[in-house]
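Participant: The primary structure of each chain is shown beneath.
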Amino acid sequence: MWNPTNKKLDLELVGFALIALLILVVLPLSVDAFRLNLVGKYLTYAFVAVGLVLCWGYTGILSLGQGVFFGLGGYCMAMFLKLEASSVANTKIQSTPGIPDFMDWNQLTELPFFWVPFKSLPFALFAVIAVPAIAAFILSFAMFKRRVGGVYFAIITQAVAAVLTILIIGRQGYTGGINGITDLRTLLGWDIRTDGAKYILYFVCCVLLLGSMFLARFVLSSKLGRLLVAIRDKEDRVRFSGYSVGDFKIFIFCLASAIAAVGGAMFSLQVGFMSPSFVGIVPSIEMVIFCAVGGRHSLVGAVIGTLIVNWAKTSFSETFPELWLFAMGGLFIAVVLAFPRGLAGLFTDQILPLIKRVGMRTGALPKPAPAE
Amino acid sequence: MSNSTDFLLALEGVTVSFDGFKAVNDLNLYIDKGELRVIIGPNGAGKTTVLDLICGRTRVSGGSIKFKDQEITGLKEHEIVRRGIGRKFQTPSIYEDLTVFENLELSIPRGRNVVGALFWQRSEEVVERVHQIAKMIFLFDFLSRSAETLSHGQKQWLEIGMLLIQDPELLMLDEPVAGMSVSERAKTAELLNEIIKHRSVIVIEHDMKFVESIAHRVTVLHQGKILAEGDMDTIQHDPKVKEVYLGH
Amino acid sequence: MSFDQKRPTGPSLSRRQLLAGTAALSAAALVSPHALAQAFPTAKVNTTGLAVTDTEVTVGILHSVTGTMAISETGSVQAEKLAISQINEAGGVLGRKIKFIQEDGGSDWPTFAEKAKKLLVQDKCASVMGCWTSASRKAVLPVFEQYNGMLYYPTFYEGLEQSKNVIYTGQEATQQIIAGLDWVTKEKGAKTFYLLGSDYIWPRTSNKIARKHIENHLKTKVVGEEYFPLGHTQFNSVINKIKLTKPDVIYAIIVGGSNVAFYKQLKAAGIDLSQQTLLTISVTEDEIDGIGGENIAGAFACMKYFQSLKNPNNEKFVAAFHKMWGDKTVIGDVTQAAYLGPWLWKLTVEKAGSFDIDKIAAASPGVEFTGAPEGYVKIHENHHLWSKTRVGRARTDGQYDLIYETANLVEPDPFPKGYQ
Amino acid sequence: MFMGYSLGELGSIFAMQAFAGLILFSVFVLMALGLAIIFGQMGVINMAHGEFMILGAYMTYMTSHIFQTYIPGAYPVYFFVAMAVAFIVSGAAGLATEWLLIRHLYARPLDTLLATWGLSLIMQQAFRSIFGAREVGVELPQWMMGALPVTDVIEVQINGLFVMGLTLIITGAVALLLYRSRWGLQVRAVVANRTMSGAAGIDTRRVDRLTFGLGCGIAGIAGSAFTMIGSTGPTAGQLYIVDTFLVVVFGGAQSLLGTIFSAFTISQSQSTLEFFLTGSMAKVLTLLLVIGLLMLRPQGLFVLKVRR
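Protein chains in written order, with my numbering: chain R, 1 to 372; chain P, 373 to 620; chain V, 621 to 1040; chain W, 1041 to 1348.
It should be emphasised that the hints constitute simulated quantities derived from the structure, not laboratory data.
All C-beta atoms, glycine included, are put in the ideal place defined by N, C-alpha and C.
Any given hint might turn out to be false.
[To be verified] As a list, the in silico BS3-like pairs of lysine-lysine whose alpha-carbon atoms are at most 27 Å apart:
1. V/Lys839 to R/Lys313
2. P/Lys612 to P/Lys597
3. R/Lys198 to V/Lys744
4. R/Lys313 to V/Lys701
5. V/Lys943 to R/Lys92
6. P/Lys597 to P/Lys438
7. V/Lys943 to V/Lys717
8. R/Lys92 to V/Lys1008
9. V/Lys664 to V/Lys832
10. V/Lys719 to V/Lys808
11. V/Lys930 to V/Lys701
12. V/Lys863 to V/Lys841
13. P/Lys438 to R/Lys145
14. P/Lys405 to P/Lys448
15. V/Lys1037 to R/Lys313
16. V/Lys841 to R/Lys198
17. P/Lys394 to P/Lys448
18. V/Lys1008 to V/Lys811
19. V/Lys841 to V/Lys828
20. P/Lys569 to P/Lys612
21. V/Lys948 to V/Lys784
22. P/Lys612 to R/Lys145
23. V/Lys808 to V/Lys784
24. R/Lys92 to V/Lys828
25. V/Lys744 to V/Lys664
26. P/Lys507 to P/Lys438
27. V/Lys701 to V/Lys1037
28. V/Lys784 to R/Lys92
29. V/Lys866 to V/Lys811
30. P/Lys448 to P/Lys612
31. V/Lys930 to V/Lys948
[As the list claims (entries may be wrong)] Where chain V lies over chain W, by a calculated footprint (3+ residues, C-beta under 8 Å):
32. 1050-1058
33. 1096-1106
34. 1127-1136
35. 1144-1158
36. 1167-1176
37. 1251-1259
38. 1327-1336
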């Protein structure tokens, strides 16, 4: 009764249902396989946006390096797929058959040790989550235990993104360098490049995204979710209520990173390659804008925002490539200046009251049930 | 004196300096169980710094702080809180984006780790406890309100309530009536008198009338040192205190 | 190899029709395009549903117009558009005007893949001229192979690749490196080399080939090898190392903005390129525009084309280019290679008598283009071009003086044995 | 790698390497100074800082053209005029940005980060539309190029000396402004306590605007100077930003001295590492080192210890 959070969450559930309807039913029925694959790619960015809602929207931790975790997840998946594509039969012409082509070009004669476990799918799937989560843990543990926050943290995540990009590009014998890991073909013998496979992967991606959203929703609606808001609001007060603030920040940052990593893995599967251009600073900041446009406080908003911005990017850059950067920059500024709560905020602040007024008048809309 | 174990809190030889400036200098302060101590002093006397030192927000440069005869210097803030020390800030520090209920609920000293918070259940007992405190701080009718809509005085009460729900053995209040209306002040004094029945309290306050209405024992700080200590009457007639407050 | 032997025995064209077509072709200047198009009915020349009508054929142009690569790719777009308009003026391809759809890769590799897919799947482009960086080519390659498209790729690159669906109109690494090193050793008596590069696959692979050639064939010495992150702007430390090791030749493969910083700092450090031999394979006339001619004058570049080449083809090409894009635009090696793309495609289509990708792929080897600004080029079995290697010396006005060119066309060898 | 060199040669090499480090140091200070002033004053990182620098570089390019065309006789000194133009134009752009954008966001430093990033995208595209996608070559007066021989081996680069001198002058000027002028007093007052300064009659908004303008103006001068050593293109600003941000953040918000020491630490470690390792690894190690040190000093190198 005195808890408006629950009302909001009910609305959120409606939003979840609408998104599910959109991505599981409407889009597959209305667009062709090519466009649907594009949507699938956008949805992988939505994972990052969902993670950003957790750590930026709710907890106030702005990371300008989420591409790092998206990339790590993507690379873990791509490593497995690449090894499968590099069977001895497929790589007969190489001087060392059975290793990925780029290793052969770089005179590697055997698989580097850290690649070996990626021959196993269970390990690769585990690594998709674990590697980014561990990386996020190390970074956030070091930073949050020392209470590095705000702008400092944002810049450091940027530096981390720069470091990882340089490393991946520079160690090309182990990573595929600037070209990335390309030409991924099959998953346990199943050809992932066919239209049929892309359909299936699209739905897998949707289901995982919805799963991540529900997981995020569960976290946010728990007491921990309210604590995150409290940390964003008055970090010191939380500390003086006996909580170890660092632990919570670390937890949410790792969770956000792990979710981003799932997106990265789905990206590798759907797009068929992974490259350092998703790890760097620019893509990382772009992912923040997806989230900001949709609404940093809203899971539904973040997903919708990602879809809209990417759709706009694709169609805009098809028709007015020169104008795209103006549009993107303007969008950044407009959202930050005028709609800090994004589209979701616009909806709850402007449109919803309107609907309610109309609803009240006609009596069509039942009042939300009391929470307790 | 320092060997005694009767004190709830004992500061001995505590010093802290900021870039050479000694904000607190060789301070000794002892708080008994069940005592209400008021600390007064002119601006810059080091009052808030003393509270910061006790609750771990600022690290001491030298000296020792013992709580229940155990050293607490060097502990993390949340660990000190868990030992039983609560702290209210000068400007009301509450979670403006949450409701009053949620503000209080988050302050309940359970489910304080990540897993505990994730699987926290809002049981009958929790609701009851929140209601009980809310009544005490005059905010029962406001439980579902967002905290940012409260008046300044109500925010101060809410923060006190958030401390009470922790049930600390030592409660430290930094200017609890600042910015309150006269009637709110009276209510706050009433509230404090209720609170101190069960615990020790340190209050920093400027408002002498308010101090008179609650004080048991008063410590006067000046330039990081104790200038005088005693009951209200003695202090008010101490010539050194008069000089510090009125002398210039 | 003979034309007829190579032609697949599909149901498309009878020998008689083909001969008729060839006759028509040679008379293209006399016969109206319409009549030519009738000689090659659409149903016959397009059996796989490409965007070919009786009057038009659609091709794609896929380069970055935005983002960091836009600087480099602009020239290629201009050259491709020029070639297309010239082909159209000359009657088109099999009597059909070329219509192009341009897509922006946005300097972003998945965008390239996405746009490549759009050009092939939605627009049914009969061929695509495009890509610049290796990363973008690697990203689109599976798309071209999966949807059976044809890509004309203009940039000199590291090699180690060969595809039925790509024609590489630039040099692979050995074509650019080996003759240049031979020349500098012979002419300058170079004994020691300092290898520099931006840190990614092309400079690393190229330097590797260079090192093998230097150590194993020339029996001289590499005294240093260094890589810098893309966009690096501080080269004073490495310049000190160069001063320390005093190499006979600085072999530099630095790209992008780093290039500008490197040559400016080299000059500022008092390394005079009229005294110190510097050989680069990454600085075309385009790059000099940004570096400033006075900063790089005296350096040697190993390319297959320079704007200053003196031959009738090139003079016509440069004039046409300047007429279309302004007098100030410079033309670099890659721009010229991009210009070859549409022409080679046209010649191949007319040789195959069909737009079908499989037939083009099969007909490509042996296609000759005598009108190439660089002189004469021919497509090799491995879909790369036979072309000459040339060494030029940078002048202060941003142009190169041709110093040396190989006597014969150099065979492309994307998987060079002994150099990997 | 030191085999076969005499002690004398080694000495010269180290001298030259030290000089290289000093140039890098000057470059970092010049890049970071404008940003540091803004960060210190408002706690805001201006993500478009690199673009303001490039704006200065383009101004230099245009000035050089005007001199070449109209007053070729004065060409050797055009650079000084160019720096003034760069300062004024970038500074004016900074003032406009503050007025249109930044002042609405003072309470939200992280949002300022995003808004200025948006601005940087717009500026990049504007450069591209106006000056073309290709890099432009800025020709320098002849006297600025080349090196002065000190000994047989040691040579001192003239433009390096120029950058060092410029850095010294600008840093000195900023220090004077901050610690000797009325504006500086106001800035320091606002940094120390914004509310109180406002109450004391300081027009904090005006101070903010001037600070932002000044910071951007200095960025313009830096960009102008960088035409000597780096590239001028629409996206060239991006090449500098990570380094610049790290210098500033590592230096801490409060003091100019912090920025200078941080620039010194980063430049020396980078140039030393570059000498012993390859360029890429040196960069990675330097960045990691800075991240590590920031962990030890979360608010930067030089932080005033105050009651929070």
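Participant: If a hint holds in the structure, say so; if it doesn't, say that too.
Facilitator: Outcome of the hint check:
no. : hint                  : result
1   : V/Lys839 to R/Lys313  : 54 Å, violated
2   : P/Lys612 to P/Lys597  : 13 Å, holds
3   : R/Lys198 to V/Lys744  : 20 Å, holds
4   : R/Lys313 to V/Lys701  : 25 Å, holds
5   : V/Lys943 to R/Lys92   : 50 Å, violated
6   : P/Lys597 to P/Lys438  : 19 Å, holds
7   : V/Lys943 to V/Lys717  : 21 Å, holds
8   : R/Lys92 to V/Lys1008  : 32 Å, violated
9   : V/Lys664 to V/Lys832  : 50 Å, violated
10  : V/Lys719 to V/Lys808  : 49 Å, violated
11  : V/Lys930 to V/Lys701  : 23 Å, holds
12  : V/Lys863 to V/Lys841  : 16 Å, holds
13  : P/Lys438 to R/Lys145  : 25 Å, holds
14  : P/Lys405 to P/Lys448  : 23 Å, holds
15  : V/Lys1037 to R/Lys313 : 44 Å, violated
16  : V/Lys841 to R/Lys198  : 52 Å, violated
17  : P/Lys394 to P/Lys448  : 23 Å, holds
18  : V/Lys1008 to V/Lys811 : 25 Å, holds
19  : V/Lys841 to V/Lys828  : 13 Å, holds
20  : P/Lys569 to P/Lys612  : 32 Å, violated
21  : V/Lys948 to V/Lys784  : 37 Å, violated
22  : P/Lys612 to R/Lys145  : 45 Å, violated
23  : V/Lys808 to V/Lys784  : 40 Å, violated
24  : R/Lys92 to V/Lys828   : 23 Å, holds
25  : V/Lys744 to V/Lys664  : 17 Å, holds
26  : P/Lys507 to P/Lys438  : 34 Å, violated
27  : V/Lys701 to V/Lys1037 : 37 Å, violated
28  : V/Lys784 to R/Lys92   : 18 Å, holds
29  : V/Lys866 to V/Lys811  : 11 Å, holds
30  : P/Lys448 to P/Lys612  : 37 Å, violated
31  : V/Lys930 to V/Lys948  : 19 Å, holds
32  : 1050-1058             : holds (count 3)
33  : 1096-1106             : violated (count 0)
34  : 1127-1136             : violated (count 0)
35  : 1144-1158             : violated (count 0)
36  : 1167-1176             : holds (count 5)
37  : 1251-1259             : violated (count 0)
38  : 1327-1336             : violated (count 0)
Of the numbered hints given earlier, the model fails hints 1, 5, 8, 9, 10, 15, 16, 20, 21, 22, 23, 26, 27, 30, 33, 34, 35, 37, 38; all others are met.
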